[in-house]
Amino acid sequence: MKKQILLGNEAIVWAALEAGVNFVSTYPGTPASEIGNLFYKISKNYGVYFEFSANEKVALEAAIGASFSDLKCLVAMKSFGLNVCSDSLLPLCYTGTKGPMVIVVGDDPSCWSSAQSEENTRGYAYLAHIPILEPSDPCEAKEFTKLAFEISEKFKIPVIVRTTTRVAHQRMPVIIEPERISKKLKKTGEFVKDPKRFAATSFYVLEMKEKLLEKIERIRKFAEKSSLNKVFYLKKEGGKKNYNKVGVITSSVSYLYLKEALEELKIELPILKLGFFYPLPENKIKSFIKNLKRVLVIEELEPFLEKEIKILAKEVNPEINIFGKDVLPVVGELKTEMVILAINKLLDKKIKVQKLLKNQNLKFEIPNRFPRFCPGCPHAMVLAAVKKIVPKETIFGGDIGCYMIAGFPPYSLQDYLLAMGSSLGVAHGIKKATNQKVIAFIGDSTFFHAGLPALINVVFNKSNPLIIVMDNGITAMTGHQPNPGEEVKIEEIIKACGIKNIKVIDPINIEEMEQTIKEFLQKEEVSVIISRRLCALLEKKRKKE
Amino acid sequence: MVMKKDFNIIISGIGGQGLITLLQIISEAALMENFEVKTSELHGLSQRAGSVEVHIRFGKKIYSPLVMLGRADLILALEISEALKVFPYSNNETVFLINENFISFYGSLNEKEIKEKIKSIKNPKYLVSASKICADKLDAEVVSGVYLLGYAVYKKLIPLKPNSILNAMVKVIPQKYLELNQKAFELTKK
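Going down the list, the sequences are from chains B and P. Going by our numbering, the first residue of the first sequence is number 162, and it counts up by one from there. Going by our numbering, the first residue of the second sequence is number 93, and it counts up by one from there.
Please keep in mind that the hints were generated in silico from the structure rather than gathered at the bench. Note that beta-carbon positions come from the ideal geometry of N, C-alpha and C, so glycine has one too. Keep in mind that a hint or two might mislead.
[Stated by the list, open to error] SDA-like, lysine to any residue: derived pairs with alpha carbons at most 20 Å apart:
1) P/Lys268 with B/Leu699
2) B/Lys524 with P/Pro216
3) B/Lys317 with B/Lys372
4) B/Lys510 with B/Lys372
5) B/Lys376 with B/His290
6) B/Lys524 with P/Val187
7) P/Lys153 with B/Leu395
8) P/Lys153 with B/Gln165
9) P/Lys97 with B/Phe352
10) B/Lys702 with P/Ala141
11) B/Lys701 with P/Lys97
12) B/Lys391 with B/Lys510
13) B/Lys486 with B/Ile472
[Stated by the list, open to error] Some chain B residues close to chain P (C-beta under 8 Å, calculated; not the full set):
14) Ile166
15) Pro192
16) Arg332
17) Ile527
18) Cys535
Chain P extracted, bound-state conformation:
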């Protein structure tokens, strides 16, 4: 994968799904590959199961921590309606990597309606049942974000080396949960 001047990632999901851990892993890996890196995140009440989006930018020269609208190279969504919410960050070439997982909320559209809208997205798009795979194979839905990260790295949707991510995980993830996360990350390798 050829690295252009910068690489912009939006991760969207729901508070509690581990978005900030993913952000930390990716940014540490980018630093290990000698990129400049900046990120932005939100804390507080929104983390209580509300919509959350985090921004990660790395490349030769990065000033702003925020991705401009229409400038995401990759949108990694941990839930299907949250993929739609951040749609304005995409342009026609933005790659969508979406956890095929629906978490309803008060007043939400139903799963079918959301899926139709997802279907209407003409972008390069990977719908992966990460939550289900992680629940079945690892008995831990919580690592579905890391599973998707593995998917993105091994399918070369992120211009970072698998080894950098694995090293970053050692730095970011507590020892107790490291093995589980490494397993989740490597699931797509085979």
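Chain B extracted, bound-state conformation:
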């Protein structure tokens, strides 16, 4: 047993190992990447199978196969990964699991490291009927992950542990017990045929759905008794002002901001801290709000909790005044400062907060420092060639990776950006809808992740964008994870699709790159340039080693 300072993500890894996980799959994405990174490093020591999968859908499906074969599984991804794998996630909730399965999903309120959207994974609870737990710090991340395995084992259902950037990338001392993890050999599972259980065919789906809803009600009863949903009543402490007719309901990292705010304000309030987002312990919530006059719901992003609580209040306390997104923002993450102001409104501005919040220096107006390419970055070489040679009116399709820097000055070569692989899918649509020229950029890992079906569609439905695959040999942005490029040659896939205009170029050969871009842009059929050169940061790292 030892106390070690861990990131939330690292705490989740130790929880899974202590719970006896056998099978782990992931696709890297901030803020969840360190889960895969740590497993990649240590899984062999503990007899755990680990893989970086080609995308989140196949990562989940791999774990489903392992779960159906009675292994204990963990899948990790960032918020958008859940969209990618949702097609398999929903039926998985119908079939249920055999070996327990925990899915860790990292949301990123304020989009610190996310393009695309400010996604709130909690919404999937309603879509999929999947239990969701929300830890607030690394200690809880460890505790909740272990409990998620227990719930999954007991109820035969996958369980989501939902973190946010401020939980996943928060560090604090956590107690771990490496000596108690058996250094066993890799476990071999067994798939025992049971099609009525594992095949969500149309004959069974409605029956399965009914059973799933019953299961959720059983889990709700479990949640009612669980210590993850905690009520903190007022302690009679000296010096602090007590309010007993007002209360706060909160979850996730917002709980920490609440505790901090109460310290600042030197007051105490009754608190209901929810570890379960779904299913909610409705009776616990009802008894908490029954005798209150006012309650404040503190949650980040969309007011899912607030809406649920408003419904419950109708039954037990229709007179109660419920505060939530009228005093807190829907967009962006919360901060202690915001919680202080919200509490002040809850208490009818009876406390003086101005002094607490005004003692700060004003902002200097200085321009933003955008991220930029590392010295020697091959992406920069490609973009420089494009910038020099290609007419300005060309449409430039962006995708997810370091090359999103193309959107910032001085390049400004990103006319649209949506999701993994969509540079190709959207390029095809523009080519069909207009007479304009389109260049779609895509990285190697993103190409394997979601670019392939779009490429096949371009060939099948015959359009002619110029696709530039920026192959730097690694999944770079999330910290250098290996990807299928180690085994599968991109040019061979492209040739197999019947694409004739294809060239592999080292971008250091500027002239060849410029000439090829110029030539390929005039082609009647789709053309592909694979710009191949190792990520400069990785090259530097490997030299040091």
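Start from chain B and add chain P according to the hints.
What follows is chain P alone, placed relative to chain B:
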């Protein structure tokens, strides 16, 4: 140095300058001195030479990993314009320890303008040419953050003991680079 209820540090700089290593060293040292400690950091694309700020809080009881605006006790900036960027975390008493090092970027103000603004900060302020000193004396600009940490600890700008930091460095820094970092840390001792 008398320890108040908590001590709040903001480290600001540019992705790749080793901010997270500094965060790890300080938090391990705080744990060794039996403080509660919480930190927050950002990963991903911003690490590619973009602005980065990390938060470190330690003391008797710490809940939130984030430093409130106006509540930093120490701002350690590894670059001059990044010192300005995190200015709202300071109040009139916040101590600034700034690496006198300018890294320009597309659309940035020029060095002179930035320096004028730094000059206008009336707070307790230490401008140290850490990058230059480390490049000259150790041929390694990369350890300028650790040099500044040494500066902060020996000048008692952080309520942690030098020995705790040195022990934390053994834990955090790979063996291969340990000696270099120890040298950088001890440079200001003399």
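Here is how each hint holds up against the structure:
1. P/Lys268 with B/Leu699: holds, 18 Å
2. B/Lys524 with P/Pro216: Given that 20 Å is the threshold and the Cα spacing comes to 18 Å, the pair holds.
3. B/Lys317 with B/Lys372: holds, 12 Å
4. B/Lys510 with B/Lys372: Violated - the C-alpha atoms of B/Lys372 and B/Lys510 are around 49 Å apart, more than 20 Å.
5. B/Lys376 with B/His290: holds, 10 Å
6. B/Lys524 with P/Val187: Roughly 17 Å between the alpha carbons, so the hint for B/Lys524 and P/Val187 holds.
7. P/Lys153 with B/Leu395: With a Cα-Cα distance of about 19 Å, the restraint between P/Lys153 and B/Leu395 holds, given a limit of 20 Å.
8. P/Lys153 with B/Gln165: Distance of about 18 Å is within 20 Å: holds.
9. P/Lys97 with B/Phe352: Violated, at about 57 Å.
10. B/Lys702 with P/Ala141: holds, 16 Å
11. B/Lys701 with P/Lys97: violated, 43 Å
12. B/Lys391 with B/Lys510: violated, 27 Å
13. B/Lys486 with B/Ile472: Distance ~16 Å between B/Lys486 and B/Ile472 Cα, so the pair holds.
14. Ile166: At 5 Å from the nearest chain P Cβ, B/Ile166 passes the 8 Å test, so the hint holds.
15. Pro192: holds, 7 Å
16. Arg332: holds, 4 Å
17. Ile527: holds, 5 Å
18. Cys535: Holds: closest Cβ of chain P sits about 6 Å from B/Cys535, inside 8 Å.
Hint compliance for this structure: hints 4, 9, 11 and 12 are not met, and every other hint is.
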